[in-house]
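> Below are the chains, spelled out letter by letter.
2 protein chains.
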Amino acid sequence: MAPSLSALVILFSLFFFLTSTHSAHSHEHPLDPITPSEFFHIQTIISNSYPSSTHNLTFQYVGLEEPNKSTILSWIHCSSSTAKNNPPRKSFIIIRANKETHEIIVDLLQRSIISDKVYTGHGYPPLTSEEQTAANQLVLTYPPFIRSVKKRKLKLSEVVCSSFTVGWFGEEYVKRNIKILCFYLDVNFYVRPIEGVTIVVNLDEMKVTEYTDRIMVPIPKAEGTDYRKSKSKQSKDVMGIHDGRCFDIDGHSVSWANWKFHISFDVRAGLIISLASIYDQEKDKFRHVLYKGFISELFTPYMDPTEEWYYRTIFDAGEFGLGQYASQLEPLKDCPANAVFMDGYYAGQDGNPVEIKNVFCIFEKYAGDIMWRHTETSIPGKVIREVRKEVSLVARMVSTVGNYDYIIDWKFQESGSIKVEVGLTGILGMKATEYTHKGQIKEDIFGTLLSDYTVGVYQDHFVTYYLDLDVDGDNNSFVKSTLKTKRVTETAKTESDAKIKLGADPIELVVVNPNKKTKMGNDVGYRLIPGRQQASSLLSDDDYPQIRAAYTKYHVWVTPYNKSEKWASGLYVDQSRGDDTLAVWSSRNREIQNKDIVLWYTVGFHHVPCQEDFPVMPTLSGGFELRLKEIRSLTT
Amino acid sequence: MAPSLSALVILFSLFFFLTSTHSAHSHEHPLDPITPSEFFHIQTIISNSYPSSTHNLTFQYVGLEEPNKSTILSWIHCSSSTAKNNPPRKSFIIIRANKETHEIIVDLLQRSIISDKVYTGHGYPPLTSEEQTAANQLVLTYPPFIRSVKKRKLKLSEVVCSSFTVGWFGEEYVKRNIKILCFYLDVNFYVRPIEGVTIVVNLDEMKVTEYTDRIMVPIPKAEGTDYRKSKSKQSKDVMGIHDGRCFDIDGHSVSWANWKFHISFDVRAGLIISLASIYDQEKDKFRHVLYKGFISELFTPYMDPTEEWYYRTIFDAGEFGLGQYASQLEPLKDCPANAVFMDGYYAGQDGNPVEIKNVFCIFEKYAGDIMWRHTETSIPGKVIREVRKEVSLVARMVSTVGNYDYIIDWKFQESGSIKVEVGLTGILGMKATEYTHKGQIKEDIFGTLLSDYTVGVYQDHFVTYYLDLDVDGDNNSFVKSTLKTKRVTETAKTESDAKIKLGADPIELVVVNPNKKTKMGNDVGYRLIPGRQQASSLLSDDDYPQIRAAYTKYHVWVTPYNKSEKWASGLYVDQSRGDDTLAVWSSRNREIQNKDIVLWYTVGFHHVPCQEDFPVMPTLSGGFELRLKEIRSLTT
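Sequence order for the protein chains is E and C.
Throughout the first sequence, residue numbering follows UniProt numbering, covering 1 to 636 in sequence.
Throughout the second sequence, residue numbering follows UniProt numbering, covering 1 to 636 in sequence.
These are computed hints drawn from the structure, not numbers from a lab.
Be careful, since some hints might not be right.
Not the full set, but computed from the structure, chain E residues with beta-carbon under 10 Å of chain C [what the hints assert, rightly or not]:
1. Q137
2. D204
3. K221
4. E376
5. I407
6. G416
7. N515
8. K517
9. V616
Below 20 Å or equal to it, Euclidean Cα-Cα: the simulated PhoX-like pairs (lysine-lysine) are [what the hints assert, rightly or not]:
10. E:K221 to C:K117
11. C:K69 to E:K595
12. C:K99 to C:K153
13. E:K553 to C:K484
14. C:K517 to E:K442
15. C:K117 to E:K566
16. C:K501 to E:K484
17. E:K442 to C:K486
18. C:K207 to C:K175
Glycine is no exception: its CB is placed at the ideal position from the N, C-alpha and C atoms.
Given the sequences, and given the hints that come with them, work out the whole structure.
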């Protein structure tokens, strides 16, 4: 939808440009966009050939006609020489004149048209904002439309219109038409469409050519949809400055903006988030979202079947412990200046406590991102521009299990999202070899030759999250909508319905609480939005490591809550035989509809090492988002 | 891989803990982790039952035994009352004693063991770091290993060992064994494995039980793999502070850290990045990566077939212009405090220049992220901790085409990556309806009831990027590796080989320059890593909007460079008939191997509106990464 634009036409004196303009040679870069003075030249040159008064001239597109690639590359090559010879400066222009589309090339140095072709194929050039504004205004003076407005008991002065392209639906003959849609005024007028009215304007004639008033539908109310800060009362403000510490830590309980949660440390799981709740301004209370979340297992099989490598199929949490191998975080490097650190303790082999200083850091993060924004230029006489910065609270731990460093982040956002990320960095698993060049290699070496005698071995990483979502209470359901031309929505009844391998179908996954409805009748819920890194295991089902990590064949599992089902790979993982895993529990196919359910999500990486991963790997991140779907306007 | 850990055992006085400890009632939160004094209690209680001297006692896991969910929830519920009754505080412990695994629960208030079971199933508990250190040390005194070291002419004092779990490969009887791997010292010792030696240590006996020295392979050199900053000479430093402006803008040319590129503005495409090159320290020159990148089209079909909505299938770039509708960016909100702004100009309908103030912002971004890190604790007597902050340079534009705001970011990173992101925010496309509650709706309304009389209509967004990658010159190839148990690598010969719908197979996509090899013989290249939002079109092939946007059925296309093939939806999009699109050009199936090629990537969103998107939508982002694969150690 493209409303009229209150563009700032430059009112510089033409004289100023024409006199101050220097030769095209002085352009700093041949790819620079067309400058204001060049636009004036182009306008003058073309208007001379197609006087507006007789040709109904409009400029639909004016852009740079780029020099050829070879010209650019040789220009760059010569950039050290002082007498730099700039390539010819040209512009490509599309105009409409006498209802025809022309493609024109202007040489800006010669100040002349060097080519002018009439385009007779299908389709029309981009719309100008001026012609859209004119069409929008035209409708407001069109008597049948004025009658439609009156019939609806609306004030014409409160109607604002906006233009839409008509598309193409197989018609043989078409004209340069647009459709006009009208709305009833409010800051957020998109909420208030005047439905049922179709208006077609011919842009070449600037006339209404079709008009239908098919149905009458109430105009929605706009209350509560004004998105300007000045009109809202926000309970708690977020500073969003880098040195701010706008969060409270009371023991292990953290509160920030509209969130509160508990953070804990475990020698096996590492960082554990519990009891994450979000503040509901309307109800003036916190509402439960996540009862508990942590990394249940991190399975890392190397993909090399040779004698010294085949067994390297490590379960980092269950065999070694993500908490045991947590790194002491370094202020100003692992975490920014505004971070607050927490220490962690676990029992050593002798039972005595071992301290890990700075095992967690918690910080408010603002990185110049935008939580939401809108610029509105369609309301006569105003420009509305509202922007909210995206500030989030990050809880971080780093676990260094041998050569690999895993950066584990939980990010809480004011918008209600929890973004979960894991970054892989550190040092590759390397194998010594006799080779010094790829050309010497005849057999499969199960990796990449990184340096003399050094192979980076293929490996996978499956980071499996335990997510006990309790949205507004613990009886929840898991809903999968497959998007076809029509949506097919299924609520998972038993565990086998919820086992999902991502990638095949476009799906939307939601955990809902069917017992809590919004005022509109929608179930309250949270969406699971998969992020980057959706690998699933390539091992065959009867391969022993795969028997032990059978749950890595699917990205998503849902189980009924069971206190003892906590570790996806089983309680005893070292030399386990796969008889106590998520895949086994789930094979009982228990009921999961409207129950206390746990969602399991695996972030999977296929890591084919490359030379740039050597000697240290740049962080490769993956994750997912738990995104608020329906929470507000609760009935009960 | 889990090396020994130089853990910091706390040397607090036990006396201090026992005296200062207060009753379990005073715990701040029942989910708090086990405290140091609790660890001491647990250790004392269990050691009394299993004296270490006679039982060979080791603590394999000590964690919180959580109260039941209902207890926790009622505890929270009562949190306002002052006399808060904490639930019983318990710990779950796994020990090994006399070669058996025990599961013990200790009541910390009663200070007693309340349950103790021997576990007899498969698998072993997590390894302690102490037993791993002991096993690693043991190997260094094992005569056959000492002989293997001598045979390889290595110094024993420079050997460091590390332990690996053995896994399970179908054996009926197993023992609590681990395998030990040894390396030759260097800061980055993972580069220097002593290959061919397999050592098995039984942890219960703490004895070497198997030893094989199968093959001898040269020890790789570690030169150039020391990752500490103090050992490297970095050409240009990045401040990474929020108020820094560590980049130069000369006209439209930008240079920062190891990158330089050109940024331009076009009324149709909006932001254009050209000539992005990365600095090669070894060769002391800039090397080409991306000749040009921009959004070629942004197709937004609404999915409502009714009379007033069916035609709303908008091509935002080709019909309206992302540049024409670019928003003036607001300092401190749309971009952070350290941003530098640039203005843009386009030709209005009359040909005169129209200025958009602050159309771009450019800023250095540091958000507490980590570019790479490693903590090394396996080298006797040292702890190495190296962390590099992730700082990037962002070039941003926002285009507001009607109700939607698109945040368009190009992010350059020191690691060589270009991350491309598009964020969707603004206001939903809304339809008026007669309904006020979901329960009233019997037919398909093609959207979600958001508020009284208001439906958010389903829509898709396909953001198609034009990416003319010229990695080290313009003759490049496109390589697709399908990861099965073995990798199948194919170089695309013609356009039809390169048409890819993501999701079906695990694949790796790379643009290589087969004419430039690294010293190791690998082709130089860049990887395309798809990010979030991989929707592809749901419309049927013979639907008119789909005929016009046929290219949205695939995420990836590769075409031979052709100056006129720039707009995925054709030069004339308004009412186009799909006869001049990427899908049509590509149907000629031209050769693309070792040619100047252009990669096209579509970020696709299926937007099923939800109540939380109303009245303004929190930003939903998608994108992809161009990640450096092999660039360094060039031969020519």
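> All the hints need checking, so say for each whether the structure fits it.
Hints versus structure:
The criterion of a C-beta within 10 Å of any C-beta in chain C is not met by E:Q137, whose closest approach is roughly 14 Å, and the hint is violated. The interface hint given for E:D204 is violated, since its Cβ lies 12 Å from the closest Cβ of chain C, which is over the 10 Å cut-off. Look at E:K221: its Cβ gets to within about 6 Å of chain C, closer than 10 Å, so that hint holds up. Because the smallest distance between the Cβ of E:E376 and any Cβ of chain C comes to about 8 Å, under 10 Å, the interface hint for this residue holds.
This hint holds: E:I407 has a C-beta 6 Å from the nearest C-beta of chain C, less than the 10 Å allowed. At a threshold of 10 Å, the smallest CB-CB gap from E:G416 to chain C is about 7 Å, leaving the interface hint in force. Taken as an interface hint, E:N515 does not check out: its beta carbon lies about 15 Å from the nearest beta carbon of chain C, beyond 10 Å. The interface hint given for E:K517 holds, since its Cβ lies 8 Å from the closest Cβ of chain C, which is under the 10 Å cut-off.
For E:V616, the interface hint holds, the least distance from its beta-carbon to any beta-carbon of chain C being 5 Å, beneath 10 Å. Only pairs whose Cα atoms come within 20 Å are accepted, and E:K221 paired with C:K117 is rejected, the gap being roughly 65 Å. Proximity of C:K69 to E:K595 is assessed by CA-CA distance (about 14 Å); at most 20 Å being required, the pair is judged to hold. At most 20 Å may separate the alpha-carbon atoms for a hinted pair to count; C:K99 and C:K153 exceed this at roughly 39 Å.
Taking the CA atoms of E:K553 and C:K484, the gap is about 13 Å. The hint holds against a cut of 20 Å. Simply put, C:K517 and E:K442 have alpha-carbon atoms about 18 Å apart, close enough for the 20 Å limit, and the pair holds. Taking the CA atoms of C:K117 and E:K566, the gap is near 19 Å; set against the 20 Å cutoff, the hint holds. Among the hinted pairs, C:K501 with E:K484 is consistent with the structure: their alpha-carbon atoms are about 16 Å apart, no more than 20 Å.
Proposed proximity of E:K442 and C:K486 is supported: the alpha carbons are some 15 Å apart, at most 20 Å. With a C-alpha separation of about 12 Å, the suggested pair C:K207 and C:K175 falls inside the 20 Å cut-off, and the hint holds.
Hint compliance for this structure: hints 1, 2, 7, 10, 12 are not met, and every other hint is.
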